[in-house]
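*Asks:* All chains should be modelled from the sequences, with the hints used to inform the complete structure.
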Amino acid sequence: GNSVTQMEGPVTLSEEAFLTINCTYTATGYPSLFWYVQYPGEGLQLLLKATKADDKGSNKGFEATYRKETTSFHLEKGSVQVSDSAVYFCALSERRGGSQGNLIFGKGTKLSVKP
Amino acid sequence: KAGVTQTPRYLIKTRGQQVTLSCSPISGHRSVSWYQQTPGQGLQFLFEYFSETQRNKGNFPGRFSGRQFSNSRSEMNVSTLELGDSALYLCASSLAQVNEQFFGPGTRLTVL
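Heads up: the protein sequence lines correspond to chains A and B, in order.
Numbering follows our numbering, with no gaps: position 74 of the first sequence is 89.
Numbering follows our numbering, with no gaps: position 47 of the second sequence is 48.
Since the hints were derived computationally from the structure, they do not count as laboratory data.
Cβ atoms here follow ideal geometry from the backbone N, Cα and C, with glycine treated the same way.
Mixed in with the good hints, there may be bad ones.
[As the list claims (entries may be wrong)] Which residues of chain A face chain B? A few of them, derived with a C-beta cut under 8 Å, are:
hint	residue
1	L62
2	L63
3	K64
4	L118
5	G123
[As the list claims (entries may be wrong)] Simulated pairs of lysine-lysine, DSS-like, Cα-Cα distance not exceeding 25 Å:
hint	chain 1	residue 1	chain 2	residue 2
6	A	K83	A	K71
7	B	K58	A	K122
8	A	K64	B	K14
[To be verified] A few chain A residues that face chain B, going by a derived Cβ cut-off under 10 Å, partial list only:
hint	residue
9	F33
10	Q53
11	E57
12	G58
13	L59
14	Q60
15	A68
16	K75
17	F77
18	S100
19	G121
*Replies:* So, in structure tokens, the structure goes:
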């Protein structure tokens, strides 16, 4: 079945460091790909998305490119801030018979950014 | 526009009891999905409703059920609670035929 694998961390970085969180997926067809972020005590917020191969999603300095040839959707940010400390989830959406489908999540990567 | 709201935010129950959780989607959204989040299993899909019909179901036992009302509000019910049902239950809503899901803050269920 479809699945998402991401580095589990935790990842600890200093402020202004470069961030990469790896995400690879297994899917039939052409899924949409997402990164969600969860701050402590809160629900999930959509960070960015890409719906087809070679699409680049970007938001708040974060970027990820949908790479069909390597089945990857790695999250990157050039300079992290303390406020970026959170858990990041990679996810894919599969469509079934017209339904918008359900999201399949990776295990999440906890990021801690130190001043 | 108000976001997805879930009630209650926290709940404590004992084994064998049943519980009902509520989710109010963003105004105009007709699709509601439910997810269970635990430290061990991560985020797992429970079910999806659209126009009062269950469209998709995850791999959970029949003790987990849900429904959606004509105003798109949704409830999920868990009967005969087990310790392993302790989790954060997240609800998400979306417009029909659009992938993007907006999540509520969740209901934290603790089973003692």
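*Asks:* Can you give the numbers of the hints that this structure goes against, from lowest to highest?
*Replies:* The structure breaks hints 1, 2, 8, 9, 15, 16, 17 and 18; every other hint is satisfied.
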